[in-house]
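Enquirer: Just so it is clear: in the sequence shown, position 37 is 37 by UniProt numbering, and no numbers are missing.
No lab work stands behind these hints: they were computed from the structure. Misleading hints may appear alongside valid ones.
[What the hints assert, rightly or not] Listed next, with one range per pair, are the computed distances between beta-carbon atoms:
1) E140 with P41: 31 to 39 Å
2) H121 with D29: 31 to 39 Å
3) P41 with L6: 26 to 34 Å
4) I25 with N129: 38 to 46 Å
5) K128 with A7: 15 to 23 Å
6) Q34 with R63: 17 to 25 Å
7) E140 with L14: 33 to 41 Å
8) Y145 with A2: 30 to 38 Å
9) Q143 with P57: 28 to 36 Å
10) L6 with N135: 36 to 44 Å
[Said to hold, decoys possible] Here are the simulated DSSO-like cross-link-like pairs (lysine-lysine), alpha carbons at most 30 Å apart as the crow flies:
11) K128 with K101
12) K144 with K101
13) K11 with K101
14) K11 with K92
15) K144 with K128
16) K92 with K144
Just so you know, these numbers come straight off a predicted model, no measurement behind them. Even glycine gets a Cβ: it sits at the ideal position worked out from N, Cα and C.
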Amino acid sequence: MAQRILAELEKLRLDPPELCSGAPINDEDPFHWQAIIIGPPDSPYQGGVFYLTYDFPQDYPFRPPRVVFTTRIYHPNIDSNGNIGLDILNSKWAISLTVSKVLISICSLLCDPYPDVAFMHEIAQIYKNDREQYNTNAREWTQKYAM
1 MAQRILAELE
11 KLRLDPPELC
21 SGAPINDEDP
31 FHWQAIIIGP
41 PDSPYQGGVF
51 YLTYDFPQDY
61 PFRPPRVVFT
71 TRIYHPNIDS
81 NGNIGLDILN
91 SKWAISLTVS
101 KVLISICSLL
111 CDPYPDVAFM
121 HEIAQIYKND
131 REQYNTNARE
141 WTQKYAM
């Protein structure tokens, strides 16, 4: 399984997705990575630098990685502990998914939240009912925690 992880690392280094990066925290342990997502332009997260932990299970790719934001973020699908409500990290995991695809999906989630399946219901309500206030709050959190 480490071979698959190392192959993904090499691919990520050669062809990194826009606004995303990731690598092992140390060279001796390929199962524990740090990832970075840059706040997408034209989003309330623009300019932010968001750190995540990316932990691969021993039987990867047969089970999904555990990906958690370590930078605080105001988002309906990311809880206060950084857990991400994204189906491909749970029930919709497929062995064809890669680190790049997961990071791109998380980046996409920043631009297009799923308020109907939110971890943070209050934030989801603000997102649905007052988008301007949601964007203001998300920008404030980005400036406070991600810059």
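Enquirer: Give a verdict on every hint.
Expert: Hint by hint, here is what the structure shows:
1. Distance hint for E140 and P41: a CB-CB separation of about 18 Å, inconsistent with the stated range 31 to 39 Å.
2. For H121 paired with D29, a C-beta distance near 36 Å keeps the hint of 31 to 39 Å intact.
3. Taking 26 to 34 Å as the suggested C-beta distance range, the pair P41 and L6 conforms, at roughly 32 Å.
4. Range check, I25 to N129: about 40 Å between beta-carbon atoms, so the 38 to 46 Å window is met.
5. For the pair K128 and A7, the beta carbons lie near 41 Å from each other, so the given range of 15 to 23 Å is not met.
6. Checking the proposed 17 to 25 Å range against Q34 and R63 shows it holds: the Cβ atoms sit about 20 Å from each other.
7. Checked against the hint of 33 to 41 Å, the C-beta distance between E140 and L14 comes to roughly 37 Å, which is consistent with it.
8. Checking the proposed 30 to 38 Å range against Y145 and A2 shows it holds: the Cβ atoms sit about 33 Å from each other.
9. Checked against the given bound of 28 to 36 Å, the beta carbons of Q143 and P57, roughly 35 Å apart, stay inside it.
10. The beta-carbon spacing between L6 and N135, approximately 40 Å, falls within the hinted interval of 36 to 44 Å.
11. Between K128 and K101, the direct Cα distance comes to roughly 27 Å. Compliance with the 30 Å bound is thereby established for this hinted pair.
12. Annotation: proposed proximity of K144 to K101 holds, straight-line Cα distance about 28 Å (limit 30 Å).
13. Of the supplied pair hints, the one linking K11 and K101 holds, its CA atoms being roughly 12 Å apart against a limit of 30 Å.
14. This hinted pair checks out: K11 and K92 have alpha carbons roughly 23 Å apart, not beyond 30 Å.
15. A distance of roughly 23 Å separates the Cα atoms of K144 and K128; the hinted pair therefore holds under the 30 Å criterion.
16. Annotation: proposed proximity of K92 to K144 is violated, straight-line Cα distance about 33 Å (limit 30 Å).
When the structure is compared with the earlier hints, violations turn up for hints 1, 5 and 16 and for no others.
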